[in-house]
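Enquirer: Since the structure of chain A is already known, use the hints to place chain B on it.
Spelled out from the first residue to the last, the chains are:
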Amino acid sequence: MADKLIVAKTGNEAMAEAMRQINPDVCAAYPITPATEIMQIFARFVADGQVKTNLVTVESEHSAMSACIGASAAGTRVMTATSSQGLALMYEMLYIVAGLRLPIVMSDVNRTISAPINIHCDHGDTMGGRDAGWIQIFSENAQEAYDNLIHAVRIAEDPEVRLPAMVTTDGFIISHGMETMEMYDTARVQKFIGEFKPAYSVLDTEHPITVGAIDLFDFYFEHKRSQVLAMSKVKPVILKVAEEFNKEFKRNYGLFEAYCMDDAELVIVVLGSTAGTAKVAIDRLRASGVKAGMLKIRVFRPFPEKEIADKLRSARAVAILDRSEGMADTGGPLFAEVRAALYDSDKRPLAVDYIYGLGGRDINVEHIKSVYADLDRIARSKKIDKTISYINVRE
Amino acid sequence: MKIYPKDAKCKDLAIGGIIPEAGTAAEFETGSWRSQRPVFDDEKCINCLFCWIYCPDSAVTVKDGKRTGVDLKACKGCGICARECPPKAGAIKMVPEQEFRK
Numbered sequence: 003m004a005d006k007l008i009v010a011k012t013g014n015e016a017m018a019e020a021m022r023q024i025n026p027d028v029c030a031a032y033p034i035t036p037a038t039e040i041m042q043i044f045a046r047f048v049a050d051g052q053v054k055t056n057l058v059t060v061e062s063e064h065s066a067m068s069a070c071i072g073a074s075a076a077g078t079r080v081m082t083a084t085s086s087q088g089l090a091l092m093y094e095m096l097y098i099v100a101g102l103r104l105p106i107v108m109s110d111v112n113r114t115i116s117a118p119i120n121i122h123c124d125h126g127d128t129m130g131g132r133d134a135g136w137i138q139i140f141s142e143n144a145q146e147a148y149d150n151l152i153h154a155v156r157i158a159e160d161p162e163v164r165l166p167a168m169v170t171t172d173g174f175i176i177s178h179g180m181e182t183m184e185m186y187d188t189a190r191v192q193k194f195i196g197e198f199k200p201a202y203s204v205l206d207t208e209h210p211i212t213v214g215a216i217d218l219f220d221f222y223f224e225h226k227r228s229q230v231l232a233m234s235k236v237k238p239v240i241l242k243v244a245e246e247f248n249k250e251f252k253r254n255y256g257l258f259e260a261y262c263m264d265d266a267e268l269v270i271v272v273l274g275s276t277a278g279t280a281k282v283a284i285d286r287l288r289a290s291g292v293k294a295g296m297l298k299i300r301v302f303r304p305f306p307e308k309e310i311a312d313k314l315r316s317a318r319a320v321a322i323l324d325r326s327e328g329m330a331d332t333g334g335p336l337f338a339e340v341r342a343a344l345y346d347s348d349k350r351p352l353a354v355d356y357i358y359g360l361g362g363r364d365i366n367v368e369h370i371k372s373v374y375a376d377l378d379r380i381a382r383s384k385k386i387d388k389t390i391s392y393i394n395v396r397e
Numbered sequence: 264m265k266i267y268p269k270d271a272k273c274k275d276l277a278i279g280g281i282i283p284e285a286g287t288a289a290e291f292e293t294g295s296w297r298s299q300r301p302v303f304d305d306e307k308c309i310n311c312l313f314c315w316i317y318c319p320d321s322a323v324t325v326k327d328g329k330r331t332g333v334d335l336k337a338c339k340g341c342g343i344c345a346r347e348c349p350p351k352a353g354a355i356k357m358v359p360e361q362e363f364r365k
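Chains as they are written, first to last, in my numbering: chain A, 3 to 397; chain B, 264 to 365.
Chain A extracted, bound-state conformation (with noise of 0.2 Å):
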């Protein structure tokens, strides 16, 4: 194979190709749209014999995570995929997968949450996890969700943070999206992500552990408080594992990506693939004079607040677009996160929260345009009228 292979892959194939490369120990895993043709694919290679996994075919997503952490216990190298409802399913397992410090890597497609019941796009399956203890990292397009995954093991698996990883991609939009992309060299892969050793397994008959003990008043604060140091020490591993990627296979990857905000004075923040919809409405403002940039959040979990938030620093006016809603009637939680990260900032822009594409409703080019006319407006009369707006819907 040469050193790197142009392919044309879905963010489903795009994923299920780096759990190819990847080649974990166990996978344990339930079919829900639109992560099903992840596992459906991989079963492929599993019956090929193109990886030694382990594939175990479960009777739920609780069932799929319970056999994950069972595996990944036994000191395993794990992956599952799901989405939606399916993640929802998990919820109890999210985070007692965290708090025993299992680095399990997920790919969550991600769709929203009934009801009323929709197999499309939105974050809110994600954001549901949110405090679960799980790193979360988003993916604009199928390069990044091959690429993050090879990271997500890294830095799961860190000595330093032994945490959980769930790389994130729209579903249909990216999921079923067929793209072209850059695949690597499949030694090279598995070298850069290298051997799997783990921080203990029920299975070391010479060191017996007791793994899942009652912990109460005694010493229960102390574990989380040890859980929330480990994710302290996630971003610089992050930042460690994108430079040797970056080195190893020329592809460069931080906690976000800045897009023209150098100079930028209207600045947009968003997740996932709308971040190349932005991009799109970035250059057409550009060339028309119009200073607009954009920070797509790469690293939801760990939050990069203090980065965002020097990030946004000279900016005049912040639009952040949430695909998902809190239902707090105070906006989306990527609203509720910038905002809480500029409070401390010396400078801080005004910022507004658009809701938009929820259960997969399009978001184009023209509606982003829209909202860094707004911007526009709020950066030269200093006010803002509205703090919640919703993009696209008939109301």
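Keep in mind that a hint or two might mislead.
[Unchecked claim] The calculated DSS-like cross-link candidates involving lysine-lysine, where the alpha carbons are at most 27 Å apart (straight line), are:
| id | chain 1 | residue 1 | chain 2 | residue 2 |
| --- | --- | --- | --- | --- |
| 1 | A | Lys226 | B | Lys272 |
| 2 | A | Lys226 | B | Lys365 |
| 3 | A | Lys371 | A | Lys388 |
| 4 | A | Lys199 | B | Lys274 |
| 5 | A | Lys252 | A | Lys6 |
| 6 | A | Lys388 | A | Lys281 |
| 7 | A | Lys226 | B | Lys329 |
[To be verified] Listed next, the stretches of chain B that the computed footprint assigns to chain A, with coverage defined by at least 3 CB atoms under 8 Å from CB atoms of chain A:
| id | region |
| --- | --- |
| 8 | 267–280 |
| 9 | 284–296 |
It is worth saying that the hints were derived from the structure and are not from the lab. Computed from a predicted model, the values in this text were never measured in an experiment. Virtual Cβ for every residue (Gly too), placed ideally from N, Cα, C.
Expert: Showing chain B alone in chain A's frame:
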């Protein structure tokens, strides 16, 4: 080390709340949970050792095949021993803890 000292800090604890050693249950004193205490009548006891077999906390102490007493640091007063003691012997009575605090 069998269990952590009470003032152990975050950095002293094993990752993920695991207990990095076997056989530590004996160090966990469940006796403070007890609201009833098993009291044995040595005259009635036929030394069948059902209490020793059924005790979920291995709190019934035995030496040379004979029941010798109850480890009150471990006994949480569940009463299983009194229930399993053969009715014709009826050697174990559960007595409220307050009776011992008078």
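Enquirer: Between lysine 199 (chain A) and lysine 274 (chain B), does the CA-CA distance stay at or below 27 Å?
Expert: 21 Å, holds
Enquirer: Just to make sure I understand the rule, a stretch counts as covered if three or more of its residues have a C-beta closer than 8 Å to a C-beta of the chain. Does the region 284–296 of chain B meet that for chain A?
Expert: holds (count 3)
Enquirer: Has the region 267–280 of chain B got at least three residues whose CB is nearer than 8 Å to a CB belonging to chain A?
Expert: holds (count 11)
Enquirer: Does the structure keep lysine 252 (chain A) and lysine 6 (chain A) at a Cα separation of 27 Å or less?
Expert: At roughly 10 Å apart (the allowed maximum being 27 Å), lysine 6 (chain A) and lysine 252 (chain A) satisfy the hint.
Enquirer: For the pair we were handed, lysine 371 (chain A) and lysine 388 (chain A), check the Cα-Cα distance against 27 Å.
Expert: 17 Å, holds
Enquirer: Taken at face value, is the distance from the CA of lysine 272 (chain B) to the CA of lysine 226 (chain A) at most 27 Å?
Expert: 12 Å, holds
Enquirer: Hint check: lysine 226 (chain A) vs lysine 365 (chain B), CA-CA at most 27 Å. Holds or violated?
Expert: 41 Å, violated
Enquirer: Does lysine 388 (chain A) pair with lysine 281 (chain A) here, judged by a C-alpha cut-off of 27 Å?
Expert: It holds: about 25 Å lies between the C-alpha atoms, which stays within 27 Å.
Enquirer: For the pair we were handed, lysine 226 (chain A) and lysine 329 (chain B), check the Cα-Cα distance against 27 Å.
Expert: 45 Å, violated
Comparing the model with each earlier hint shows violations of hints 2 and 7; every other hint is respected.
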